[in-house]
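Protein chains in written order, with the numbering used here: chain A, 1 to 315; chain B, 1001 to 1429; chain C, 2001 to 2270.
Rather than coming from a laboratory, the hints here were simulated on the basis of the structure. Since we're looking at a predicted model, the values are computed, not measured. Honestly, I wouldn't trust all of these hints.
[Stated by the list, open to error] Below, computed lysine to any residue pairings styled on SDA-like, alpha-carbon distance capped at 25 Å:
#1 K161(A) - L69(A)
#2 K2137(C) - G1121(B)
#3 K88(A) - I1312(B)
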Amino acid sequence: MLELIVISTLNGVLFGMLLFLLSSGLTVIFSMMGVLNFAHASFYMLGAFFGFQLTKWIGFWPALVLAPLLVGAIGMAVERYGLRNTHKHGHVAELLLTFGLAFVIEEIVSMIWGKSPLDYRVPALLDFPAFTIFSTNYPAYKLFMLAVSITIFVALLVVLKRTRVGLIVQAALTHPHMVGHLGHNVGRVFMAVFGVGCALAGLAGVIAGPALVTQSDMAASLGPILFVVIVFGGLGSLPGAFIASLVIGLVQTFAVALDGSLASAFGPLDPSAGPSVLTDIWNVTIAQVAPIVPYMLLVLVLIVRPMGLMGTRES
Amino acid sequence: MTTAATSTPKMKAAAGGHVRFYGIWLIGIAALLVLPMIFSSGGSLTSFSLIGIAIIFALSYNILLGQTGLLSFGHAVHYGLGGFAACHMMNAVVSHGWPIPLPFIPLFGGLGGLVFAIIIGWVMTKRAGTVFAMISLGIGELVASSSLILRSVFGGEAGITTDRTALPKMLGWSFGPQIQVYYLIAFWLVLSAIAMYALTRTPLGRICNAVRDNPERVQFIGYDPHVVRYLAFCFAGFFAGIAGGLAAINFEIANSAYLGAIQSGLVLFSSFIGGVAYFFGPILGAILVTYLQLGLTNVTGVWQLYFGIIFIGIVMFAPGGIAGLLMMHRPLVRAGTLWTVIPSYLVAIVPTVALACGVILTIETVARYSSGDPINLFGIAFNPTSPVTWIAAAVLVVGGSFVARLTWRRIAEAWDRAATVARDRGYLA
Amino acid sequence: MSEAVIGTSEAAIGNGAAGPDKRAAIEVRAVEKRFGNVGIIRDLNLSVAQGERHAIIGPNGAGKSTTFNLISGHIKPTSGEVRLNGDLISGLQPFEINRRGLSRSFQVTNVFARMSVWENVRCAVLWATGHRYAFWKNVDSLPEVRERTAQILDDIHLTHRRDVPAGLLTYAEQRELEIGITIASGATVVMLDEPTAGMSNAETERAVALIRRLTEGKTLVIVEHDMSVVFGLADRISVLVYGHIIASGTPQEIRRDPKVKEAYLGEEAH
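Could you build all of it, start to finish, from the sequences and the hints given here?
Rendered as structure tokens:
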């Protein structure tokens, strides 16, 4: 039991940091540009697929650097030629553009690489157990993932709080119009921010690909969870996104690991009750419910505290 | 000056408008009645049935998007719940022997969609805009996932099946043959369309538009935007449920696919491509999207990619949709300057089609590279692995886009001239 | 208390007055508004009598629009209270306040851009004529709605533009439509936020005549920068500086007030 808790906590924190890599980019893009990038999880997926392909051609470590840059470049192009033109039609049009983009990216990916999971392997250098907890070997690669996530997190913090660029971004988070009035080339700032946000998502994809499944439906399964994270944490709040990522990461991981159900705890219902909603709920395992938990959290948040944990911006 | 005087030209214009308005509706109804007599094959009847269902669904979606400004990514939930409600009701009618014939069943589908909208709608419509869109996505996923868990209600992976011929007959019809199902769908289509149109002419309908345009201002004319959005949400859920009920009748099954994200995405595509600013927009969009869906699936494996590209194209270059594009010409038609623009349209057709062919060749080459299936375009079979195809695609794309852009510029110039003349004659505001 | 209240008009004070006629139309008492640590409005006290035409003037950034927002319910006061005809309205939603008879216009034109001029005014009329959220009536067949809408369009001289989408009107026409929407609901207390902003002299004269005619018998609170409008229209004037009313009285009293002169150095050049 203790083993389960420790392993699940490690995995949960890992998943949470991964979610934060994604949601931080999404939050900054939303706060600055008012655009909710529906295709953000798609850039994550592109990162994984580019990482896979580049690893085959030039090896994992060069791919680790090159793939996020490629994804970032695509992101900048999307902003420059897509979003900027749709901006005048309003936020709904921008959202629909990113929605269409997500759709198209998924189709292109499955067209090129197929719909089955890819054999994206952990690089040989990291393919060993880091340590053994109780009876389970904890892979070194996962520690590597954790290390990368934490490094990026710290780097983000430093850039935002200590550099001039970070100051501009912080200002634009709450007062995007003022930033333009202060003489900064808002177009270039937006393009850069969008590019960096997408590059972060791509990086998350490159490192998550070997550990999680690399498949053309990655974006569709992760996308909604990402939205839950930023609504839960509060739109426009980076600390909120951080807390929400960790919470949801841990909750998801524990829910999948635990395999109880009301039936296993309290014994089966009287069989004469017959099939009904009650028997369904009684017999469902926590693991089966796990995918739904984020959405239940979403509904709960919207009822109890619509601005999320630390929300500052009214949308 | 709106005096009480009945000046004859004004009355004639008003009467003319009425004749035109009712005329369009009558033509539509007549077309629905006559269509199966012209195209009577089984495949056509099935297509018409599916298109009819899609139209009701898309119209219900536009109550949210086009009329109240609510972008929903989870509208299929009401559609699906309507389908399940209809299936359960049909099975109950048969097992309990109730005297309810099939034509009444879509009403229960509507109730299924309506009840869920009533329960969840108040909380969902607290916020509008992007937040509402995300909530709708979450709720959609929640219900779709729950449907696999609550097997007793949703039948798990297999869904719930039913037999539409087992209900009491009405007018001697058992609704086994597809043509009878088609007329049932057409009946409900006319009823729903009239109801939804009438809704836009009520005080609630007008205020929905106001909420869409300026929710802040609406408060200062005495309305609570939350209540308005909630009511619109309930109506949209009701009519989506009717569409779902008809689908359940048509396929004699309801499963979790009815509720899923793909279904929600498709109705969004249909409405938006058709044009959300006009009542008839979603009708056009539903016809086009359903027709393409049925037609393209046989021709290419990546038809969804084409959908996405068309959608992005519409969002970026014609956010008013097909209806918007058509209505844009109305002032030109009235001013009589449309004919000046037509030649530039004709000239633009060839390079634009060439460009499209180049894009199609490129996509299909990538898609069929591994399988090697030939691409049939205009009767020529292109081999995806041959460099000839690649060169042809490149030439068409590069050359086509270059020439096409020149012709598009000419269209824009011709349009400018025609619009200026129209404005001078007083036909543009 | 720093408000000078007694003027030549029927200035009734809200507290302890007898009978509904004597209650102030609007009473703002000790209202404060803070955004985070920044105090935008400090100890605001204002009293507007029934049927009075009251102008609020002040330098840019003094908080005039914020004051409007506080009274009309767009934002809630951090402390203090606002009363409408004696009833407490601070803390209510804007639509609740509107239904009690207070209506306002906006500094930045806030019409329903995609709907026609006719439809704009008609929407404003619907609640007041009791039709609320009705989804069973055809709005084209409601005679009182049609007549009232036509009357208002006639009053604001926009009948000839009734089918034009509001977003396509000229700026002055939009401002007039804005005023039309504001009075369409039949509110007894009308608040206009810089209604003549950006207008030429001729347009301003027309607008002022319109306002004077349409607010006959109603209470009017108006924020303005154009001093000719203010001194020509107002029964009483309040001067708002840094979120606080420094003077309140008749136009002559305000002209002579040294505090006002100090705050408005060079204002006389207008």
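Each hint, compared with the structure:
no.: 1; hint: K161(A) - L69(A); result: holds, 24 Å
no.: 2; hint: K2137(C) - G1121(B); result: holds, 24 Å
no.: 3; hint: K88(A) - I1312(B); result: holds, 15 Å
Checked against the numbered hints listed earlier, the structure breaks none of them; every hint is satisfied.
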